[in-house]
Amino acid sequence: MSHHGDLQGLTRRGWLRAMSTLAVGIGASRCVDGQSVDPGARHYPRQMGRSRVVLIRDRAAVGSSGGVDPAVLRRMLQDAVVTLTGTTTPETAWKTLVRPSDRVGIKSNAWARLPTPVELETAVRDAVIGAGVDTSHVDVDDRGVLQNPVFERATVLINIRPMRTHHWSGLGTCLKNYIMFVPRPSEYHGDACASLGAIWHLPRVEGKTRLNVLVMLTPQFHGVGPHGFSQDFVWTYGGLLVGSDPVAVDATGARIIEAKRREFFGGHRPISPRPHHIQVADTRYGIGVSDPARIDLIRLGWEQGALI
Amino acid sequence: MQQRQALALLAVVLVVAIGLAAWLWPGCPRATSTAPAVELPASVDGWTPRGPTASYDPTTIFDYIDGHAEVYLAYGLRRCLTRRYGGPDGEADIVVDLFELASAADAFGVATYDREGSSVAIGRDALLRHGWLSFWQDAFFVSVLSERETGRSRAAVVAMGRDLANRLPSGGSVPAIVSALPAVGLDPRQVRFLRHSQILNTHLFVDDENLLGLGPSTSAALGRYARDGSQGYLLLVDYPSASLAGSAADAFGKRFALDPTEGIAQVMDRGWFAARARDARLAAVIDAGSQQLAATLLSEALDPRTGGKP
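Going line by line, the protein sequences match chains A and B. In this text, residue positions in the first sequence follow my numbering: the first is 1, and each later residue adds one. In this text, residue positions in the second sequence follow my numbering: the first is 1, and each later residue adds one.
Don't read these hints as lab results, they were simulated from the structure. Each residue gets a CB set at the ideal place from its N, CA and C atoms; glycine is no exception.
To spell it out: a stretch of chain B is covered by chain A in this simulated footprint if at least three of its residues, at any positions, have a beta carbon under 8 angstroms from a beta carbon of chain A; those stretches are:
| no. | segment |
| --- | --- |
| 1 | 65-71 |
| 2 | 137-147 |
| 3 | 195-205 |
Can you make the complete structure from the sequences, with help from the hints?
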């Protein structure tokens, strides 16, 4: 029986328990040689259990009418990737992330009120193709990833989505963005989506994610009403959070949202429900680092109003 | 004669059976509601409709609400009427969403999903937050949202709410099981009414599985308590039968390894848990800060002499 077949016989709780055990194993093995043994981390080692996150901001990224400047956004992405990978040019940087033989799924987010900007999707796609990947082996998708042939055979995933508050998970994060890789996403809504980290261990996902981009151009820091959205609760931050570790990227984004809520509401007003899936992805599933003390945050660009 | 009567009876049974089968057949069109149509306002304080009223049913609601429709479905959504109003002088749009649920109890349940805000005297339990007014009335939950709040739009949101309340059937009472929550130490803003495990898990995580067998035929009330420095939750669930309540108590007891006699146990990292069924009602205490609080809440919930009304 195949590994996949074995999974079909498991209850969800059994799967979660198995993943918890696996997470303990990963956590234990991480310290063996002082470097991550996560197979998906071979291009971006986490030294001594630390993760690197790049925060890049540009006040010109979003115009006064709310439109995104494609050239500015493209340059932000390239600068962030160069810094993250420790290379000197965007071309070299992207070649450390993808190989010409790869099939690359760019996991986007189509939520109508705050989608991944198409300008960013295009920039990432162009960069991947520029690194030598065949055009037919790259695709951008969100709701259709389970039926998308490129995603079905993907060797690399790139995860790009805007940061926002979320009814079920507290925050819509890079971790949360992979919920479309399961056939029944609502099964992960319990306990404020605490078990989202389990998705990252599924065979079609595990070890494939080379880059996470949490879009902080106009993040949403509070939600109201049936649709959970109001223009009053987004602001122009003009940033991207970029990293190989989704937990570290999300944990940093969460700090910015919390800071914005303190500024706007004039006091401590915790995100509700508490987005503890970020911490659980670290402690239970071993996906990455959630402790700010173990995140090396590199800041580039516009500093005013950075909030962290 | 008897043969003719038997044939007539058979014919009636056949007609009823065929009619029922046709009604239940997936492709058979049927009304989503027996309630009278509600007409949304033509204009309020200078805000006028950008288009006609749109209507969504349980199968199309995901086309309109992306990411939160499960809440309304969990309370038996029949339909959602919505209309967008354009504002005067550069004011942002106001969006009215009118949800018709399975019952007044379900409308109350939706209202308890989010209890932040300031109370306003509109309909039942109206709450006003930044840009958003919500209330329930009869089997309806009403949302009026200004997409960018100003002093003028806030006034229009309230006026729109009052207009809508006047158009809806009056009535609807708080479900009896909610009133059965012991009053001492109960945080009124943390009282929820629900029928679905996903809603329960949103407010208070119990288990990945639907351990308590919640569903459309059950009614549950969840309350958060603070007494003598301890906090905890009490969940009451009414089942269609005593045997179902007993089965739920057994499942809960096994899951959290409750003492078979006392029905109580300390659960690592969470606190004290307790559960017991009486007649068709289950009472469960979750995450209590002390054994005494767990025991007291359980006793009060199920013993009429101490406040419970099973």
